[in-house]
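Note that the protein sequences, when read in sequence, are chains A and B. Read the first sequence against the numbering used here and you will find it ends at 1632, with the numbers running on by one and no gaps. Read the second sequence against the numbering used here and you will find it ends at 414, with the numbers running on by one and no gaps.
Wrong hints could be hidden among the right ones.
What the hints assert, rightly or not - Here are the computed lysine-lysine pairs in the DSS-like style, where the Cα-Cα straight-line distance is at most 30 Å:
id, chain 1, residue 1, chain 2, residue 2
1, A, Lys-1459, B, Lys-112
2, A, Lys-1478, B, Lys-389
3, B, Lys-207, B, Lys-122
Derived from the structure by calculation, the hints contain no laboratory data.
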Amino acid sequence: MAIGVKVVARPRDLGQQAYVPALVKGLGVTMRHFFDNLFGGGKHIVTIQYPEERAVYPKRYRGLHRLMVREDGSVRCVACMCCPTVCPAHCITILAEQTGNPNEKRPRVFEIDELRCVVCGLCVEACPCDAIRMDTGIWSSPVALRGDAVQGKADLMKRGALSTAVQGGAGGDWRDKQR
Amino acid sequence: MGWLAILIPLVVFVVLGFVATLLFGWLIPALGGDLHSWYAALLKAAFILLGFVMPLAGVLTWMERRQSAMMQDRLGPNRANVGPVRAFGLMHFVADALKMLFKEDFVPANANKLLFALGPVMAIAPVLITFAVVPWGSGVCAGHLTDRLTDGQLAQCLDTGGGRFQVVHLEIGLLFYFAIASLAVYGATLAGWASYNKWSLLGGLRASSQMMSYEVTMGLAILGAFLVYGSLEPATIVQAQGDSILHWGVVTQPLGFVLFFTAAIAETKRTPFDIPEGESEVIGYFVEYSGMRFGMFYLAEFMEVIFTSAIVATVFFGGWQIPGLHADGFVAGQMPHWLVCTLQFVAWAVKVFVLCWFQLMIRWTMPRFRPDQLMRLGWKQLLPASLANILITAGVVLALMPGAK
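Throw the hints in and build the complete structure from the sequences for me.
Quick look at the structure:
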């Protein structure tokens, strides 16, 4: 296709050509905002003054992961590998080990690379035993080294809490007890 | 909170006006000084420049950012503080000045050192000089501060006593202003050329073409006011606007006001006429400048804003006049001389301040013109309109003045 020239229609009426009516109209808008903000206690102002004021995050904002614990304080995770399998960013690493119980494994290593995590929450959906949650609402904090962004099992369990969810989905909704 | 934005400037202006009245009406005569002398003129210049223009230019740098923020539903710089005193971030301009003083003063390798240094000086000096002709009050009659003077007595006293609130009383005042103000273009052009940078040179050329084009309109637009008031002397023009608001230039010369104000904003090289600078993309004549040399360009720009406001207030808004206020108050024998003197200074300062605010308003409302649009506006629209304005004004003046033939 040959290169064509598109002619844009320009308004040629006097109001547009004389500038002044358009300027007055524009000044009307800016002055309304200016006076509203100056004398109306800043009613349109959207600025959040960060260190003193914080934005209120939506209730379902996810934030950093955490690993939940059982009544005896051990991790709920059974190293079923559902979450690393479903994770689209491949940021979860689990190395399983045996427990005394022949029916269960547990994670020896549970690492999440927060730099790779896309915060999609699929790991939470995939987890069959309410072990991993993304409900802390904590921003991943800045780090000096990439390796520091990898959260280990201890880090994840530090934010963890007791979960009494019953295997298989019975029991109350986990959202009822959060925060 | 918002009312403080009106109250604080007002209080400052009242204090300044009172200080001026005391300084020239009492202190200098009491010390045996002569108000006609060179040192009195120097003191007046020092008072108006150091007491009003420079601080206001500094505050305007902050006000521009705060005001634009308010217009755009933001807060703007509000955090600079001295200890616990934050004062809405008013100290930002002090912080800016300190920053500029301590920044590296970079000179490009192939730049012409002398002209590079001369650029900012040539930009700032004309603006300071033009303030010499601006009347910032009718003046004081030394030794009669507490008396109730009539208009005639005051006029006589000002002619003989030299207590005018104006650095020089020049019969060619406004021509002097045009002569000096057009020198400012050398600052921009020299800076652009001396930087040894293609883009700054182009910026300097844009600046010179723009300023020359709009000077024509500016001169012709104000000619109508000369015809109406029959004088080139700013103080005399202000005197002629005294009786009522109907004598103000904005009423007698509405078209002249719009044309002059537009051209004067173009002369300050600020949006919508900031083609010479175009800080966001086309980069202008001061790209190579840093530190306080850049700061001088920046400050010169704001002082031009103040000066534009001052001259517009003088010619079109009655300068220091308050409608109905005579030398002895609104009714005869009502107010002592010192009070009237202070009030007149406050009236002038408020008018200048409001016009500065209005210029900032326009600067943050209008988008920038394209160079060809700018030239078309200047030569094809403003210039014919100003010529028509002169013609009509001359016709009306001729018809109304019986002795004009």
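Quick rundown of the hints versus the structure:
With a C-alpha separation of about 49 Å, the suggested pairing of Lys-1459(A) with Lys-112(B) is violated against the 30 Å cut-off. Taken as a hint, the Lys-1478(A) and Lys-389(B) pair is honoured in the structure, with Cα atoms around 24 Å apart against an allowance of 30 Å. Simply put, Lys-207(B) and Lys-122(B) have alpha-carbon atoms about 17 Å apart, close enough for the 30 Å limit, and the pair holds.
Checked against the numbered hints listed earlier, the structure breaks hint 1 alone; every other hint is satisfied.
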